[in-house]
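K.L.:
The residues making up each chain are set out below.
Number of protein chains: 2
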Amino acid sequence: MTESESATVDLEIIVQGAQEGKKLELRLWLRMLSTTKLVSQEIRRRLRNEFGATLPQFDLMAQLYRERDGLRLGELSKRTMVTNGNVTGLVERLETDGLVLRVTPDGDRRVTVAKLTEKGMVLFGAMATAHEGWLRDMMADVDPAIVTELWQDIGAVKSSVSNHLSGSDFD
Amino acid sequence: MTESESATVDLEIIVQGAQEGKKLELRLWLRMLSTTKLVSQEIRRRLRNEFGATLPQFDLMAQLYRERDGLRLGELSKRTMVTNGNVTGLVERLETDGLVLRVTPDGDRRVTVAKLTEKGMVLFGAMATAHEGWLRDMMADVDPAIVTELWQDIGAVKSSVSNHLSGSDFD
DNA sequence: GCCAAACCTTTGACATTTCAAATATCGTTC
DNA sequence: GAACGATATTTGAAATGTCAAAGGTTTGGC
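Residue numbers (UniProt numbering), protein chains in the order written: chain A, 1 to 171; chain B, 1 to 171.
The hints are simulated quantities; they were obtained by calculation from the structure and are not laboratory data. Quick caveat, the model's predicted, so the values are computed rather than measured. Treat the hints loosely; a few may be bogus.
Said to hold, decoys possible - Taking lysine to aspartate or glutamate and the DMTMM-like style, the derived pairs with C-alpha atoms no more than 25 angstroms apart in a straight line are:
| id | chain 1 | residue 1 | chain 2 | residue 2 |
| --- | --- | --- | --- | --- |
| 1 | B | Lys-22 | A | Asp-153 |
| 2 | A | Lys-23 | B | Asp-59 |
| 3 | B | Lys-78 | B | Asp-97 |
| 4 | A | Lys-23 | B | Asp-97 |
| 5 | B | Lys-37 | A | Glu-92 |
| 6 | B | Lys-115 | B | Glu-67 |
| 7 | A | Lys-37 | B | Asp-59 |
| 8 | B | Lys-78 | B | Glu-50 |
| 9 | B | Lys-23 | A | Asp-137 |
| 10 | B | Lys-23 | A | Glu-42 |
| 11 | B | Lys-119 | B | Asp-143 |
| 12 | A | Lys-23 | B | Glu-149 |
| 13 | B | Lys-119 | B | Asp-153 |
Generate the whole structure from the sequences, applying the supplied hints.
P.N.:
Here it is in C-alpha cells:
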C-alpha cells in the first residue's frame, strides 16, 4: 500500500504548488532506476539460464551483429557506454569462447577490430529473438500507446540530461 | 579536439540505426537503459568528485538514513536490489570508513543490523541535498507535467514487469 | 531434549565496472 | 628523420556485481 495513491500526489502538487514539485525529478529518477534494475536482472537471469551468457556480453555482441565488418574497440566502447578498459576484458573473454575474433588492420597498428565469428552470429541470433520476446512479455500489461508515449518522453529526458552534463562542456 | 561540441552521447541513434522492424517494447527498453546509464554515470562522477563516495554506497546509506534504528542486511539487500554477498562487502567498507556500524542483536545471533553513525548521517545529509539538485538540473528542460506523467507510466511498466517475472511468483 | 528444516550472513570464484597510468602507434613539424 | 602531440588500446588497483556453497542459529515436530 505504498505507491498506489497517485491521485493523492497529484492533489498535493496542485495544492502546494512548487513545494512538492521540487522532489518530482528525484522520484522519477528513483522509479526509473528501480524499474531498469528489475528488468536488467530478469534479462540477466534468463540469458544466463538459457544461453550461458551475460548481459554485457549480449550488449557487445548486439553491436557487432549489426556491423558485420567489425568495430574498433573504441567505437564499441562508445556504443555500449562501457569504458575502454572494460571492453578489452569483455572482448578477451568472448574471444576465448570463440564468439568474437580480434584483428589488427594493416593500415593502423594501434587499432584492434572485433568481429563476430560464425558461432557468435548464430548464438546472438537466437539470443536476440528470445530477448525481444522477453521484453514483450514483461511489458504485456502496458498499453502500446503508453509505450510509445514513454519512448518519446524518455527521449526528452535523455536530451535534457545530455545538455546538463558536468563533464567537458564549458568553453 | 573535433568533438568539443558533439560530446553528447547519443547511443540511441547509433544503436538503433534505422529502426524498421524493431518492436515497440524493445525500443523503449533500449532508451530506458541508455538514459539510466547516462544519469547514473553523471551522478557517480559527481559523488566521486564532490564527496569521495560511490553510488552503491550512497544508495545503501539512503536506506539507513530513513531507518535510524538500522536495518538487517537481508532487508538492505531487498531494498537496494543488491545481492546478500554484495551487501556484506559494502557495509564492511562503510564501517571501515566510520560511516556505518554493525550490531548483532541479543535476540537472534544470526542477524546483523547496520546503522548509520553520526558521521554517516552528516555526510549523507549533504550528499542527499546535492543529489536532489543534480537531478533537478539534469531534468530542467523537461516539462514538470511530463515528469509526473513519466513517473506514473513507468510505474505501470514496473508493475507489468513485476507480474511477469520468471523467478518467484506465478500463482 | 533431539534432529531436520528453515533462516541469515558470509565466503569464494568470477565477471564487470571505473579511473588513472602506462604502452604503443601514427602524423606532423622542424 | 628525430621529436612531439594526438590517438588507440592495455594494464592495474579497487569496488561492485552475480551465483552457489558453506557457516552458524533458530525453530518446529517428534
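K.L.:
Look at each hint and say if it fits the structure.
P.N.:
Going through the hints against the structure:
1. For the suggested pair Lys-22 (chain B) and Asp-153 (chain A), the alpha carbons sit about 18 angstroms apart, so the restraint of at most 25 angstroms is met.
2. A threshold of 25 angstroms between alpha carbons decides the hint, and for Lys-23 (chain A) with Asp-59 (chain B) the separation of about 17 angstroms falls inside it, so the pair holds.
3. Our distance criterion of 25 angstroms between C-alpha atoms is met by Lys-78 (chain B) and Asp-97 (chain B), whose separation comes to about 23 angstroms.
4. The suggested pairing of Lys-23 (chain A) with Asp-97 (chain B) is violated, with an alpha-carbon distance near 30 angstroms, which exceeds 25 angstroms.
5. The suggested pairing of Lys-37 (chain B) with Glu-92 (chain A) holds, with an alpha-carbon distance near 23 angstroms, which does not exceed 25 angstroms.
6. Under the criterion of a C-alpha separation no larger than 25 angstroms, the hint pairing Lys-115 (chain B) with Glu-67 (chain B) is consistent with the structure, at around 8 angstroms.
7. Note on Lys-37 (chain A) and Asp-59 (chain B): the hinted pairing holds, with a Cα-Cα distance of about 13 angstroms set against a maximum of 25 angstroms.
8. The hinted pair formed by Lys-78 (chain B) and Glu-50 (chain B) fails the criterion: a straight-line CA distance of about 28 angstroms is larger than 25 angstroms.
9. Restraint check: the Cα-Cα separation between Lys-23 (chain B) and Asp-137 (chain A) comes to about 12 angstroms, which is no more than 25 angstroms; the hinted pair holds.
10. As the CA atoms of Lys-23 (chain B) and Glu-42 (chain A) are separated by approximately 19 angstroms, the hinted pair is consistent with the 25 angstroms bound.
11. As the CA atoms of Lys-119 (chain B) and Asp-143 (chain B) are separated by approximately 37 angstroms, the hinted pair breaks the 25 angstroms bound.
12. A distance of roughly 14 angstroms separates the Cα atoms of Lys-23 (chain A) and Glu-149 (chain B); the hinted pair therefore holds under the 25 angstroms criterion.
13. As the CA atoms of Lys-119 (chain B) and Asp-153 (chain B) are separated by approximately 38 angstroms, the hinted pair breaks the 25 angstroms bound.
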